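Just so we're aligned: the sequence shown equals residues 1 to 151 in UniProt numbering.
One or more of the hints may lead you astray.
What the hints assert, rightly or not - No farther apart than 30 angstroms at their CA atoms in a straight line, the calculated lysine-lysine pairs in the BS3-like style are these:
| hint | residue 1 | residue 2 |
| --- | --- | --- |
| 1 | K54 | K78 |
| 2 | K78 | K89 |
| 3 | K89 | K105 |
| 4 | K133 | K105 |
| 5 | K133 | K78 |
| 6 | K89 | K54 |
| 7 | K111 | K85 |
| 8 | K85 | K54 |
| 9 | K133 | K111 |
| 10 | K105 | K85 |
Treat the hints as calculated values from the structure; they're not laboratory data. Nothing here was measured: the structure is a model prediction, and the numbers come from that model.
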Amino acid sequence: MKTNTFISAIVLAAVAVTGTSALAKGPRPTFQELDTDGDGQVTQAEIAAHRNQKFTGADANGDGQLSVQEMQAAAQTKANARVTKMFEKHDANSDGFISEDELPKPRRASKMFERIDADGNGAISEQEYADAKDRMGRKHKRHQKSDTDDN
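With the hints as extra help, turn the sequences into a complete structure.
Right, here's the structure in full:
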């Protein structure tokens, strides 16, 4: 139990550290990707090395700085990889196209709808929509504040 808690804490720390960079968005690194020496533990140095590797990989001209173009290129590379993976996963008939039937079904869409539909009438009013948007904004601000408080 203690090991699971420790590993979870390390993974969360890695996500927090790598999450500070726009380059870190997207799939979270696996424990094995972070544990570069394979000793079953992730150190701060390994997390820093992972972040540095992402930065260096995006720094196309090697000048130690990221330009808008380099960041856009890195983001485009990630987007291309996600689209390719999506096709591999969802193009059931392998025809090179994704039909509407092959599109992934939204997860928890009905729960979200029910949560926003405060009066339960089966429709979302403009006020219910605004209230939900406001709640989400407050939730995100609260998380951002707690993230910055720890720094």
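| task | Kindly indicate which numbered hints from before are broken by the structure, ordering the numbers from low to high. | result | none
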